[in-house]
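Residue numbers (my numbering), protein chains in the order written: chain A, 1 to 142; chain B, 1 to 111.
One should not assume that every hint holds.
Stated by the list, open to error - Per label pair, the in silico range of CB-to-CB distance:
1. A/E31 <-> B/T71: 17 to 25 Å
2. B/D105 <-> A/R73: 28 to 36 Å
3. B/K49 <-> A/E31: 25 to 33 Å
4. A/R39 <-> B/Q50: 17 to 25 Å
5. B/E19 <-> A/F102: 22 to 30 Å
6. A/H3 <-> B/Q73: 32 to 40 Å
7. B/E6 <-> A/C90: 43 to 51 Å
8. B/K49 <-> A/H3: 36 to 44 Å
None of these hints come from the bench; they were simulated from the model.
Owing to the predicted nature of the structure, the values given are computational and were not obtained by experimental measurement.
Glycine included, C-beta positions come from ideal geometry on N, C-alpha and C.
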Amino acid sequence: MKHDISLDITIPNQTRYLSMIGRIGESMAKEIDCTEDDRESLAYQLTIVLTEALVNAIKHANHADPNKEVHIRINMNDKELAIRVYDSGCGFDLNSISSPCFDACALEDTGRGIFIIRSLMDSVEYKRANGGNVLEMKKQLP
Amino acid sequence: MNVSTETNRGVVIVFVKEERLDAHNSEELKAELNRIFEGGSRDVIVDLKQVRFIDSSGLGVLVSGFKNASTRQGALKLSALQTQVKSMFELTRLHRVFDIFSSADDALDSF
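Looking at chain A on its own, in the form it has when it is part of the complex (with noise of 0.2 Å):
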């Protein structure tokens, strides 16, 4: 990647914005200089990300209030991409989230999303920020 970019985007806090952001992060993966396969996984993997943190804020942070909004930015170097989402809601503790049960007998309908977050970036944190809170997340990139 020849530049860094840098991108910000507000949206209302409604799901029906999902599509839209996936396909802003699957065309900001093809800048990235690495092989097809590479460039392939890494345009599923942020399009995921930023839709599972995206839910997160809008339906449990923001309590899908749909007259609150959510802030993304996104920052991409040849290093590394990091993702920031910020809602206004009272937050959580991230730490208290933990693996889904993968025993069928055990099946959860839910609480698949931040494990997906994490299994598929390098750091994620979750700290209060500009009156309400951000979900950080940052991968290195090949």
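We have chain A; now place chain B onto it with these hints.
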């Protein structure tokens, strides 16, 4: 959500005709599956041939359908997963839970 259903040999096949199965539209698939089970069917195939992207909400709806079918002594099986969709099942270990087939016809033959 754009879905079509057909019944063959007592098995309901649900074709999901969306590129994304995510938190925005997955509740509609859940309602469709619930309608099918409440109508008395217990064996279902969900064909994901056209689905290019699935998130944890989409996976959750399929898990809900799987449990619903199992409770009724039936089965919910999946067919035609695209590579990236299949990778989400592997990441969340759900490929060990669901019977996954390359086509709806293969899934149908397994009942």
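Here is how each hint holds up against the structure:
no. : hint                         : in the structure
1   : A/E31 <-> B/T71: 17 to 25 Å  : violated (48 Å)
2   : B/D105 <-> A/R73: 28 to 36 Å : violated (47 Å)
3   : B/K49 <-> A/E31: 25 to 33 Å  : holds (30 Å)
4   : A/R39 <-> B/Q50: 17 to 25 Å  : holds (23 Å)
5   : B/E19 <-> A/F102: 22 to 30 Å : holds (28 Å)
6   : A/H3 <-> B/Q73: 32 to 40 Å   : violated (59 Å)
7   : B/E6 <-> A/C90: 43 to 51 Å   : holds (47 Å)
8   : B/K49 <-> A/H3: 36 to 44 Å   : holds (39 Å)
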